[in-house]
Structures are given as structure tokens and as C-alpha cells.
Amino acid sequence: MSNSTSNTPEKDHKSSYRAEERRTLSSGEEEFFFDVKTSDMEVNMGPQHPATHGVMRVLIRCDGELVTGSQVHLGYLHRCAEKIGENVEWLQYLPYTDRYDYLAAMNNNLGYSMAVEALMPGLEIPRRAVLLRTINVELNRIASHLVAYGTYGLDIGAITPFLYAFREREWIQALFEKICGARLTYSYIRIGGVFNDAPPGWLKEVGHFCDVFEEKWKEYRDLLALNHIFIKRTAHVGVIPKDMAIDFGLTGPMLRGSGVDFDLRRDMPYMAYGEAYEAGAFKVPVGSGEKGELGDSWDRFYVRVEEMMESIKLVRWCLGVIEDGPIIGEIPKVIKVPAGEAYVGIENPRGELGHYVHSDGGKVAVRCRVRGPSFTNIAVVEELMPGTLLADSVAIIGSTDIVIGETDR
Amino acid sequence: MSILHQQRAFYGLLTLAILTSVGYGLVSHGAEGMAFGFFSSFTIAGSLMCIWERSVVRSAFSLMATFMGVAGLFLLLGSDFLAMAQILIYVGGILALILFGVMLTPPDLGERSLPRIGGTLVLVLGGASLVWKHVMDATESLAVLPVEELTPMTSQDQSVGLAFLHPEQYVVAFELAAFLLTVALVAAVYIARRRTADFEPEEAA
Amino acid sequence: MIQEQADAVLGHPVHPDSNVFVRILEWLPLPEIIPGWVVTFGGVMLGMSIFLAVMSVLVMFCVWLERKVSGHIQCRTGPMYAGGWHGWAQSLADGVKLLLKEDMIPKDADRTLFWIAPAIVLGSIFGAMVAFPLSYDWWFGRMDLGVFAILALSSTTTIGVVMAGWASASKWSLYGAMREAAQVVAYEIPLGLSLLAPLFVLGTFSLTEASAMQSGWFGMKWAIFTNPFLLPAFLIYVVAALAETKRAPFDLPEAESELVAGFMTEYSGIRWSFFFFEEYAAMLLMSVLGAFFWFGGFESPLTGALRASGMEDTSLVFSLVCFGTVLFKGFVGIFLMMWLRWTLPRVRIDQVMTMGYKYLTPLALFCVLGAASWEALQHLIFS
Amino acid sequence: MELQAIHDTLKAAGVVGLLGCDEPRPANKKEKDPGRAGMPFLLVDPAEIVPLLTACRDESRLQFDLLIDLTASDPAADGDDLWVLIQLLSLKYRHRLAIKAHLPKSALSIASATAVYRAANWHERECSEMFGITFEGHPDPRKILLPDDWKGFPLRKDYEFPTEYHGISCE
Numbered sequence: 000m001s002n003s004t005s006n007t008p009e010k011d012h013k014s015s016y017r018a019e020e021r022r023t024l025s026s027g028e029e030e031f032f033f034d035v036k037t038s039d040m041e042v043n044m045g046p047q048h049p050a051t052h053g054v055m056r057v058l059i060r061c062d063g064e065l066v067t068g069s070q071v072h073l074g075y076l077h078r079c080a081e082k083i084g085e086n087v088e089w090l091q092y093l094p095y096t097d098r099y100d101y102l103a104a105m106n107n108n109l110g111y112s113m114a115v116e117a118l119m120p121g122l123e124i125p126r127r128a129v130l131l132r133t134i135n136v137e138l139n140r141i142a143s144h145l146v147a148y149g150t151y152g153l154d155i156g157a158i159t160p161f162l163y164a165f166r167e168r169e170w171i172q173a174l175f176e177k178i179c180g181a182r183l184t185y186s187y188i189r190i191g192g193v194f195n196d197a198p199p200g201w202l203k204e205v206g207h208f209c210d211v212f213e214e215k216w217k218e219y220r221d222l223l224a225l226n227h228i229f230i231k232r233t234a235h236v237g238v239i240p241k242d243m244a245i246d247f248g249l250t251g252p253m254l255r256g257s258g259v260d261f262d263l264r265r266d267m268p269y270m271a272y273g274e275a276y277e278a279g280a281f282k283v284p285v286g287s288g289e290k291g292e293l294g295d296s297w298d299r300f301y302v303r304v305e306e307m308m309e310s311i312k313l314v315r316w317c318l319g320v321i322e323d324g325p326i327i328g329e330i331p332k333v334i335k336v337p338a339g340e341a342y343v344g345i346e347n348p349r350g351e352l353g354h355y356v357h358s359d360g361g362k363v364a365v366r367c368r369v370r371g372p373s374f375t376n377i378a379v380v381e382e383l384m385p386g387t388l389l390a391d392s393v394a395i396i397g398s399t400d401i402v403i404g405e406t407d408r
Numbered sequence: 000m001s002i003l004h005q006q007r008a009f010y011g012l013l014t015l016a017i018l019t020s021v022g023y024g025l026v027s028h029g030a031e032g033m034a035f036g037f038f039s040s041f042t043i044a045g046s047l048m049c050i051w052e053r054s055v056v057r058s059a060f061s062l063m064a065t066f067m068g069v070a071g072l073f074l075l076l077g078s079d080f081l082a083m084a085q086i087l088i089y090v091g092g093i094l095a096l097i098l099f100g101v102m103l104t105p106p107d108l109g110e111r112s113l114p115r116i117g118g119t120l121v122l123v124l125g126g127a128s129l130v131w132k133h134v135m136d137a138t139e140s141l142a143v144l145p146v147e148e149l150t151p152m153t154s155q156d157q158s159v160g161l162a163f164l165h166p167e168q169y170v171v172a173f174e175l176a177a178f179l180l181t182v183a184l185v186a187a188v189y190i191a192r193r194r195t196a197d198f199e200p201e202e203a204a
Numbered sequence: 000m001i002q003e004q005a006d007a008v009l010g011h012p013v014h015p016d017s018n019v020f021v022r023i024l025e026w027l028p029l030p031e032i033i034p035g036w037v038v039t040f041g042g043v044m045l046g047m048s049i050f051l052a053v054m055s056v057l058v059m060f061c062v063w064l065e066r067k068v069s070g071h072i073q074c075r076t077g078p079m080y081a082g083g084w085h086g087w088a089q090s091l092a093d094g095v096k097l098l099l100k101e102d103m104i105p106k107d108a109d110r111t112l113f114w115i116a117p118a119i120v121l122g123s124i125f126g127a128m129v130a131f132p133l134s135y136d137w138w139f140g141r142m143d144l145g146v147f148a149i150l151a152l153s154s155t156t157t158i159g160v161v162m163a164g165w166a167s168a169s170k171w172s173l174y175g176a177m178r179e180a181a182q183v184v185a186y187e188i189p190l191g192l193s194l195l196a197p198l199f200v201l202g203t204f205s206l207t208e209a210s211a212m213q214s215g216w217f218g219m220k221w222a223i224f225t226n227p228f229l230l231p232a233f234l235i236y237v238v239a240a241l242a243e244t245k246r247a248p249f250d251l252p253e254a255e256s257e258l259v260a261g262f263m264t265e266y267s268g269i270r271w272s273f274f275f276f277e278e279y280a281a282m283l284l285m286s287v288l289g290a291f292f293w294f295g296g297f298e299s300p301l302t303g304a305l306r307a308s309g310m311e312d313t314s315l316v317f318s319l320v321c322f323g324t325v326l327f328k329g330f331v332g333i334f335l336m337m338w339l340r341w342t343l344p345r346v347r348i349d350q351v352m353t354m355g356y357k358y359l360t361p362l363a364l365f366c367v368l369g370a371a372s373w374e375a376l377q378h379l380i381f382s
Numbered sequence: 000m001e002l003q004a005i006h007d008t009l010k011a012a013g014v015v016g017l018l019g020c021d022e023p024r025p026a027n028k029k030e031k032d033p034g035r036a037g038m039p040f041l042l043v044d045p046a047e048i049v050p051l052l053t054a055c056r057d058e059s060r061l062q063f064d065l066l067i068d069l070t071a072s073d074p075a076a077d078g079d080d081l082w083v084l085i086q087l088l089s090l091k092y093r094h095r096l097a098i099k100a101h102l103p104k105s106a107l108s109i110a111s112a113t114a115v116y117r118a119a120n121w122h123e124r125e126c127s128e129m130f131g132i133t134f135e136g137h138p139d140p141r142k143i144l145l146p147d148d149w150k151g152f153p154l155r156k157d158y159e160f161p162t163e164y165h166g167i168s169c170e
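Here the protein sequences line up with chains A, B, C and D, keeping their order. The first sequence begins at 0 in numbering that gives the first Met the number 0 and counts up by one. The second sequence begins at 0 in numbering that gives the first Met the number 0 and counts up by one. The third sequence begins at 0 in numbering that gives the first Met the number 0 and counts up by one. The fourth sequence begins at 0 in numbering that gives the first Met the number 0 and counts up by one.
Honestly, I wouldn't trust all of these hints.
Covered stretches of chain A, going by a simulated chain C footprint (3 or more residues, C-beta under 8 Å) [said to hold, decoys possible]:
#	stretch
1	158 to 170
2	226 to 233
3	387 to 393
Quick look at which bits of chain D chain A covers, simulated, 3 or more residues with Cβ under 8 Å [stated by the list, open to error]:
#	stretch
4	34 to 43
5	64 to 73
6	85 to 98
Hints were generated in silico from the structure; no laboratory data involved. Here the structure is a predicted model, which is why all the values come from computation and not from measurement. Here a beta-carbon is modelled for each residue, glycine too, at the ideal position from N, C-alpha and C.
Can you build the whole structure from these sequences, using the hints too?
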């Protein structure tokens, strides 16, 4: 406990932990200190633990409240998605993509569809389908970030924002239910387009949702992201410097939270994003170290909060340009994919979702690789944890916003 | 005799002793006697458990019974202030700190092999007879001066405060103790303070 | 001195020499044959059961209130079905459910301590509640040292919590227990110091006397209006009371996202509910204590009006009004605590410690000093 | 930058181990070639993978900062081919590079890329347990998704599904 009451300024408490570690490690010089050395304790956080957001196990070595080491164990939700991809037909695999990042199933559908479409050179996707895809994917990004917002609040101990966030998410799910009949696992975006046109009045309701959400968003930001205690808990915690983020291959809000201005939607555009960006429909929010230092948990969190607003603007833009037309390209009932291989990465709410598909011209894939962003993003946690407090480790895991279905696939 | 049996025998004897003293107090001096029997035997039982128990933490917890029993005895004497001070300082403060320190030590069961059967019997019997003797003595003294006839100590807070501040009573001792504690506190802070200058900040490395 | 002063203010002694038990026993037609100690013993038992019943009902109401308040803060309705009107029987139904649930003890747990711990927790908090007077005329246990007793006995819950955490043989429970010990030891100091400020102003440890000292200005001569240093002292008291009762944002011992459920991770059934009973009882305790020492206790414009209309302080109606007033004030405090809980995130252990030792303790000392100086100054000027 | 240009840049920088480009091509009925759709890959020599990745990362006109993915592919059960696939991404120039390295199933060993990109760590662990590739010099060669005592390499085409696991039948 003596570690907790440090008299160093609070803003660099992390570096003071680090310095202390070095002090105990370097046995060469005799330091003058009265810290009682207690035996280390190994604690299993998970597989069943509220802070691990699913069935993940983090083995933590603790000295009192101070975390001295950690090890992440995955695989509790491994469902062999890649092996299944080699055994079912192209279209049959689509519902399996819903299951890896179950909070952003639309985005997963899109990633897989785009990877297969990359192998079909003649296939053209109609404009209405492109815009419907974009609208749904962005709505799903909002829904996914709302969960990230709510559960991060929950990790920090604020329960109410979680329920507010889920209320808005519920509305998005209702919208999805109207367009495709499902609330969580949509399989809405198909190879070649989308499978169902927007029902009458749906686009109008999406516009209404945007109006309401814009107002609510300000409240949510003030309630949690700008709350003083919340800032105290997350700023300066789990700092990922720029070069470390790049070295670990982080993508999405994790990368942007560290101050790297990179977004696949803007920098390697697909669907309607290039056009939308040129029309000024959205910006890419980047962490600035506003409340703490660049790349801390608060930055990562706030990037997600701001992205929700940008997604709203994108949806608005799409609603403005959408017009009637066909919703799916010319594809046969049983899809035959020409031989070839392709890797397509798209910007998921959690980072780059990559699909590598290899076809030999047959009914099933030779190889269907899924590169889930959470899998890469969680790897950095082992590195961040030593030298933080137990409560900080929860804040760090929460700020990576992982979905276990995706790390394990 | 296994550890479990020893444990059972010990606690059985202890319970018997407590019940006996409570019962005797009740028969000889009514409700007050019963309360006295209860509190006094509780005090002694707690201290016996403290010696007997193999786990350090359980020993520490059993001290709570002792402290509470003593507080109860003070209450019985009509001295609320002392009773509450006993609970506040010993149970809420000192015991919590002892537990805090003791709990992180590894459970070393082999080390505390003091209470063997013979020693245990001696301790328990001695304790029981002590309880008995205490009850006898105390009830006799109570019989000399029944509780109803004790002058009730109204507003003890004021009498205690006045005693501390009265120049002819404890004011010098009180001030000296306060001064000593302040010096000790400042010295402790001085010794335990973190010397940030001793190791360079991380950025420099 | 203060007692005489208070007696003079009220026009009658503040401690009528009878408590609720004795009243009830006097009222019962008991035959003479029954020995005296049986009557005393029976009186104590009867009084205890009445006391437990009253307090349990209050605590159950708190649980229901918490669910309703949290529900409405979160745009839900909370319990609606059990019992009919706004789910009033929900706590009762929960209690029955918890009684019927399996009571599990982990294999490696220290069974004895695991069994005793909830009893200590519940016993100490109810012991502390005995010190509350229900009105000028009714009380359960006569306490000249009300505040002192409440602070002392409620600090014993720490031992129970630590015991529970250690006996569970779970590392998360142990963490919860250690946090509880550290937190409570740290915050007992500012809590006691912030209470010292109104104690200086009112000059008494006794709750009844403190209330009597504030009866003036038509029931509005509350301590907080008489001394400018009492407002900061009250704010410190609120923070320290939140920490003492383990309520958010200081719910570190049971931090559900970090420690699963802290010291009660391994508890189930009715034993688990004992810890919740303790939490709500402690909330009630702290709120009512605040009401007594800052917000006039039994005194309000209503009591002022009743007194002006010539009603006796010992009459039944007046006692009921007193009880209602103090309960109302207590529940306002409880509502405040709930509001905070459902709004704020949790702080970290080092921030808790820093705040307790580094800021609240010196500030509370300053308030005590200021309040005492203000009183002395007033005394010099006006006399 | 297109793949051919990247290839040329690397070649100009004196990087060894380049085996050419695997470009998509249209179907050619005369030579009975079914063609190949999709994306181009850079073919490299697995023995030179570490210096090649280092060059990709450090070469000022390429600057592939991010290792996005590292995996393998087993096209056929009867063949001896196994391909290691690496996806790189440049934040500055906004281009991607897909690398393919051929490994024979008889000698599944390749140098670990963890010294160049730390992102490779977990990807290599997964690749290793799924395909049985040994990554020389990997700092932490444990299994990651599978249980520690798992037998066989599930993503290989010649993998035989187990009939029981710890006495539990899975048929």
C-alpha cells in the first residue's frame, strides 16, 4: 500500500512506478527505502471476469495493488472460422463472418464480400447497393462504438452511461431489423451487393435517428468522456507512444489514439468513402493528448466518441445522394469464384479487418484467412500492464475495446 | 489425536466454560451477573484462542473477542466513554492494522506448534478456573456494591474533557503525549518519504 | 453545562429516564410472580426484536428506493410488478428468494470465520444504530456519547469485512478486504474530524442534545446556518461518509469490474444479503448522523409550529413528527448518495488514499479550527 | 506504388531473395490456362525473409511501417507446397505489399520476423500451431489459440480430425 501514497506529482505517476521498479531491480547500488517487500501474488483475471469483456484469461502477477507482469491467454472462444471457410460454399460462409466481431457484423459481411468480389473482375456493384452498404456499415460502427463507450464506462465504474448507450444501440438494431430482419447477426451485405432494399420510410427514419443522436451525443460526451473522475482514471494510463503502436501493428482507433493519422476509409478508400471524403462528409479524429499524454487510454476512448459523430455525418451524406436503382449485381445462384487469391482490408470499428481468400475456381475456398483487429490490438496489453495498478489494468484492457469472438475467431 | 479433534476438544471445553460462567452469574446475581459472566469469559476465551490457534490471522481475529469483552465490562461498570474508546481504538484501529500486516504473511502452520495436548489441557483448565475465580470475585464485589447503587456517570465526555484540561489533573501528561505523538508522526513521515532525487526520472534513461 | 442549557432551551430534561423497552413493559400487564431478571431479559429481547424489525424495514425500503432511483436515472422504471404498486414488495420477494437459495461455502474457505463474518458486520452496524434516538422522548439505548458510540461500533464492520475477505480463500476477496481496511482506516480520520466541527458548535456528543441545541428560529436554527465553517466540514463529511460506507465513487472494496464482487465474491444466499443490509444500514446511519449535526435533527419548521401551538415535546404526535422529520432528512441524504453512485465513475485506490490523507484530513482540521475560533469569537463579542 | 515498382525499388536497393512478382492474369484458352484473378504478390525466398522485411520497413521510398498480417496457406493435401503470406502496409505512402514465400512441407522452418515487427509475435504463434511451421528465433513459441496439448496442425489440408479429446468423444 505504501506505493499508492506517492508524493510525486500525480501527472507522472506512471513514470514513478517505472523508476521504482528499476530501483528494486538494480541491486548494485544500495537504495534507502522502507517499502516492505511482500510476496508476489498471481491472480487469474478471467476466463470469467467482468473486465475481460468475454472469455479471455489474463494472468496477472501482483505486488499488492501494483501489477508487475501479465500474460494473456486466448482461445476460449475459438470456433475454427478459418477451417469452416475451407469447407462451406462461398455464400454459406457469410453468416460465419457475423460471428467473429459480433458487435459489428455488417462490417464483417462487407469485408468478406469485398474480398470475394476482388476475385470476380467483371462484377459491378450498383450504386444504390454501395450507398446502402455504407449507411449500414456506418450505423453499425456507431452501434459498436456505443458498446465500447458504455462498457468502458462500466470498467471505470460508471454504470449509467452504459444503459444510455444501449438505448441508442437498441434503436440502431431496430433499424437493422427493419431492413434485414436480424438484430445482431445480419448477413445483410452479400457478395455483389445487399440482399434487401430499404423498406419505405426507412431512410427517413435513419435521418431522424441522426438528428436525435447528435443531441444525445453531446450529453454522453459530457457525462462520461469529460467527467473529471473519468479523466483522472484514464489519462496517463496505458500510454502507447506512436512508434510502439506502429511496431505492434495496431490499427483503427488504437492507432489513431496514439496520434497516427491513418484511416483506411480516407487513405485507401473503398465503397463510397472516397467520394464522401472529397465532398467533406467526414474527418478522421486523431488523439491529441488533450487531457493527458498522447496515446493514453483517454485518447483512444475519445477517438471512438468522436468517430460516432463523424459516422453520423457520413450517414447524412449518403442519405443525401442515395437514389433508386438495383441493389445487387449480376451474380449466379451458386457462386463460382474464379481462381485467384486476394487480400482485402477494410476499416472495422476496431481496426483493419483483413480477409485473405484463395480460390481454385471451385465451390469452396482453398484458404480463408481472417485477420481480426482485436487479435493484434490485445497483444499490446501484456506490454502496457507492468507498473500499473490493478484498477489501471482494467482500464487498459477496456481501452483496447476487444471482442473475444474476433481474437479467437 | 488429530488436529481436528484437538480443535473440537478445545472449542468444546471453551464453550462449556463460557456457559458455566454465564449460568453461574445468572443464578447468583441475576441479569447483571449473567452479563458479567458473559463478558469476562468472552475476554478470557478470546485470549486463549489467540494462543491456541495455529493460523496467525485467526489468532488476530480472536483478539476481537477479547477487546469486545473488555469493552462490555466497561459498559457494565457504567463507563460508556471508556468502552467506546476501547472499541474505537483497539478494534477499529489497532486490530485492523494488525490484520493488515499479518494477512499478507504466508500461513506457516508448522511453526506454531506450542499448543500440544498437555499444554492445551493445562491452559484450558487454568483458563476455566480463572474464569470461575473471576466470576466468584467479581460477583462478590458486585454483591458489596450492586450496579443500581453505583453513581451514574452522566455526561462523561465533559468529565473526561475537563480532566484532560484541568491544570491540577492531567493537562501536562495530555500535552506531553500529544507532543510525543506529533514528533513521532513527523519523524515517521520524514523517514518514509520517497526520495525522488535518488533515482532519475524515466525520460532521462 | 450543555445539558442544562439544552434543558433550558426545551423547557424540560432532554433525557426522560425511560426507554422504549421499559415503556412497553410498563404497558404490558405482567403478573408480579415473574422474577425481575426475567422481566429485564424479556424486555431487552422484545426491544431488540422491535428495533431489528424497524431497522430491517427501513433497510428494505432503502433497497427498493435504490432500485427505483437507479431505474429512473437510467430511463428505466425499476421494479414494477411485485406487490402491485410500483413493485413495493420487491425487496421482500428478494429476501425470500435469498433465504431459500443454497448457502455455499468454498472448499478451501475457513468455515468458522466465513460463517461469523456476516454476523459481525451486521451486528456492529445494528449495534451502532441503537444509539439513535427516535424522538426527544423515545430511544432504544441511552447514550450520552451518541456520536462516539456510532463511530466506534460502525468501525467494527471493517473487521467483519476483512474476515470475510480472508476466510473466502479467494484472491479477489482478499483484495477487497485489504482495500476495505486501507480505505476505512484512512477515512475514519477525516470523518471524525469533520464531525468535530459541529461538535464544537453544539457542544455535545449526544444526538438528542445536539438536536435540542438547534431548536430556535422557529425550528430553523440549524448548525449549518450558524457557523460558516460548517459547510466545508459537511462537504468533507459527505465524502468521508461515502468512503466509509463503501459507496460509489468509493466502492473499491467491492469494485465489480475489477474485483468481481470484492470481499463478498464467494458469498451467496442470505449471508450475502447481510453485507447489503450492512451497506444500506450504514448509509442510513451516516445520513441521519449528518442530519443531526448539521441540519437540525428533529427540528424543522413543522416542529417549530407545533411547539408554537403549545404542544408538549413528550406528546405522541410531537414524537411522531420528530421521527418523521429525522427520517425524511436521512432519506434526502440517502437519495444524494444514490444519485452520486449512479452518476460517477469509480476512483482508483491511490487517488482514494491521496484524497483522504493529503487533502481531506488537513482540510477537516482547518474546519475544526475555524469553527472553534468562530465560536470563541462570538462568545467574546456577544458576552 | 504498384507491386512492380516496389519490386524494382527493392531490387535497386540491393535486396537479395526477390523471386519476382505473381501478377493476376486473364484466362488464356489456347494454353489452357484458367488465369488468375485477384491481387499481385511478391514472391520471395524464405531464407532471406528477415533482411527483406527490414529493407521494406527502412527503405525511404517504401516505408512499410505496419505488419498487418502473417499467415500461411496449404493449397493441397497431396502437394508439398505451403505458402507463408505476409501483408505489409505503409502509413505514409498508403500502399500495401503482399509477400508470398514458398516452404516445402518437408522442411517447415523460417526465420522469425519478431525482431523487425513486434506485431509478428502473435501471428507467428498462431501460424505455428495451425500449420506446424517453426519460426526460428521466436521469443515465446507457445501455442496461442489451441490448448497446450493439442495434437496436429488443424489448418493443414492433411489434418485428421481427432475422434476424442481427453476421453471426450467428438464424433
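Hint by hint, here is what the structure shows:
no., hint, in the structure
1, 158 to 170, "holds (count 5)"
2, 226 to 233, "holds (count 5)"
3, 387 to 393, "holds (count 5)"
4, 34 to 43, "holds (count 6)"
5, 64 to 73, "holds (count 8)"
6, 85 to 98, "holds (count 6)"
Taken one by one, the earlier hints all hold for this structure without exception.
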